[in-house]
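Novice: Start from the sequences and build out the full structure, keeping to the hints where you can.
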Amino acid sequence: MGLVPTMGYLHAGHASLIAAAAADTDLVVVTSFVNPLQFAAGEDLDSYPSDPERDESVVASAGGHVVFRPSRDEMYPRPMITTVSVAELSKVMEGASRPTHFDGVTTVVTKLFSIVGRCRAYFGEKDFQQLAIVRRMTADLSLPADVVGCPTVREHDGLALSSRNVYLGPDERKAAPVLNRALRSGAAAIEAGESDAAVVRAGMRSVIEAEPLARLDYVEVADPETLAPLENCDSRARLFGAVRFGRARLIDNVAVGASW
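Be aware that the sequence shown starts at 179, since it is given in this note's numbering, and climbs by one per residue.
Among the hints, a few may not be true.
[To be verified] 25 Å max Cα-Cα, derived DMTMM-like pairs, lysine to aspartate or glutamate:
{"hint": "1", "residue 1": "Lys289", "residue 2": "Asp324"}
{"hint": "2", "residue 1": "Lys289", "residue 2": "Asp204"}
{"hint": "3", "residue 1": "Lys304", "residue 2": "Glu409"}
{"hint": "4", "residue 1": "Lys304", "residue 2": "Glu389"}
{"hint": "5", "residue 1": "Lys304", "residue 2": "Asp318"}
{"hint": "6", "residue 1": "Lys289", "residue 2": "Glu221"}
{"hint": "7", "residue 1": "Lys304", "residue 2": "Glu266"}
{"hint": "8", "residue 1": "Lys304", "residue 2": "Glu221"}
{"hint": "9", "residue 1": "Lys304", "residue 2": "Glu333"}
{"hint": "10", "residue 1": "Lys352", "residue 2": "Asp305"}
{"hint": "11", "residue 1": "Lys289", "residue 2": "Glu266"}
{"hint": "12", "residue 1": "Lys304", "residue 2": "Asp281"}
{"hint": "13", "residue 1": "Lys304", "residue 2": "Glu387"}
{"hint": "14", "residue 1": "Lys352", "residue 2": "Glu303"}
{"hint": "15", "residue 1": "Lys304", "residue 2": "Glu234"}
{"hint": "16", "residue 1": "Lys289", "residue 2": "Glu403"}
{"hint": "17", "residue 1": "Lys304", "residue 2": "Glu403"}
{"hint": "18", "residue 1": "Lys269", "residue 2": "Asp401"}
{"hint": "19", "residue 1": "Lys304", "residue 2": "Asp412"}
{"hint": "20", "residue 1": "Lys352", "residue 2": "Glu333"}
{"hint": "21", "residue 1": "Lys304", "residue 2": "Glu369"}
[Said to hold, decoys possible] So the derived label-pair ranges between C-beta atoms look like this:
{"hint": "22", "residue 1": "Ser373", "residue 2": "Ser263", "range": "31 to 39 Å"}
{"hint": "23", "residue 1": "Leu223", "residue 2": "Lys269", "range": "20 to 28 Å"}
{"hint": "24", "residue 1": "Glu231", "residue 2": "Ser373", "range": "19 to 27 Å"}
{"hint": "25", "residue 1": "Phe246", "residue 2": "Ala388", "range": "17 to 25 Å"}
Simulated from the structure, these hints should not be mistaken for lab results. Small disclaimer: the values here were computed from a predicted structure and weren't measured. The beta-carbon is built from N, C-alpha and C at its ideal position, and this holds for glycine as well.
Specialist: Dropping the structure here:
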């Protein structure tokens, strides 16, 4: 069984996960559930984009077999008083900016693993912190799933595909690749011999702050397994960033030494 957890509004990045699952497994289940537990007050829970008919077409074209689209009442028939939390990995970066987010993610993923049963579960590296957290949770709780990470799918100009890209206006869309350029500049600095993570962070910030439409949330140089911020960095580092462009909040990450 292959499992691809999504919140719907599928794009080519999701299709790549479905295709990877179809190549590895006999039956591919794609979940489509906008999980309220991972949205804080004031976030886009009620306006999150949706196109179920198009999603069905994407799933079929990519080789998926079953779309599981439960209602909120089915997933949470009464208020949840049980929460799954991955402590240290959930406190940094996205966890610092969105303190309740990852507890919502890990709780719903645990429920999905329980509902679907033994499986290989496919997650995109675009949400690398989420991938690392789900991997640690699955190992710590001995859950019956093999967690598979798949490469980020990008537009021609480097922008990582995201369902929230639909929020970008024309000028914001032109500006949005600055996040990927900043991360790539940081990776290039490390590859050229820079080992001081503070210098790398400052360089990435300067690239983003030069774009008038960008509002920086954070940039980070972190250990790819523990997600702890690094003081001294080398080829094992992973670079992360989050930037707002108007209504859209975009995240991205790159590995040092990755091919672009």
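Novice: With reference to the structure, classify each hint as holding or not holding.
Specialist: Here's how the hints hold up against the structure:
no.	hint	result
1	Lys289 - Asp324	holds (15 Å)
2	Lys289 - Asp204	holds (22 Å)
3	Lys304 - Glu409	holds (24 Å)
4	Lys304 - Glu389	holds (22 Å)
5	Lys304 - Asp318	holds (23 Å)
6	Lys289 - Glu221	holds (23 Å)
7	Lys304 - Glu266	holds (20 Å)
8	Lys304 - Glu221	holds (20 Å)
9	Lys304 - Glu333	holds (13 Å)
10	Lys352 - Asp305	holds (22 Å)
11	Lys289 - Glu266	holds (21 Å)
12	Lys304 - Asp281	holds (19 Å)
13	Lys304 - Glu387	holds (22 Å)
14	Lys352 - Glu303	holds (23 Å)
15	Lys304 - Glu234	holds (23 Å)
16	Lys289 - Glu403	holds (24 Å)
17	Lys304 - Glu403	holds (15 Å)
18	Lys269 - Asp401	holds (14 Å)
19	Lys304 - Asp412	holds (21 Å)
20	Lys352 - Glu333	holds (12 Å)
21	Lys304 - Glu369	holds (21 Å)
22	Ser373 - Ser263: 31 to 39 Å	holds (34 Å)
23	Leu223 - Lys269: 20 to 28 Å	holds (23 Å)
24	Glu231 - Ser373: 19 to 27 Å	violated (51 Å)
25	Phe246 - Ala388: 17 to 25 Å	violated (44 Å)
In this structure, the earlier hints numbered 24 and 25 are contradicted, and the remaining ones agree with it.
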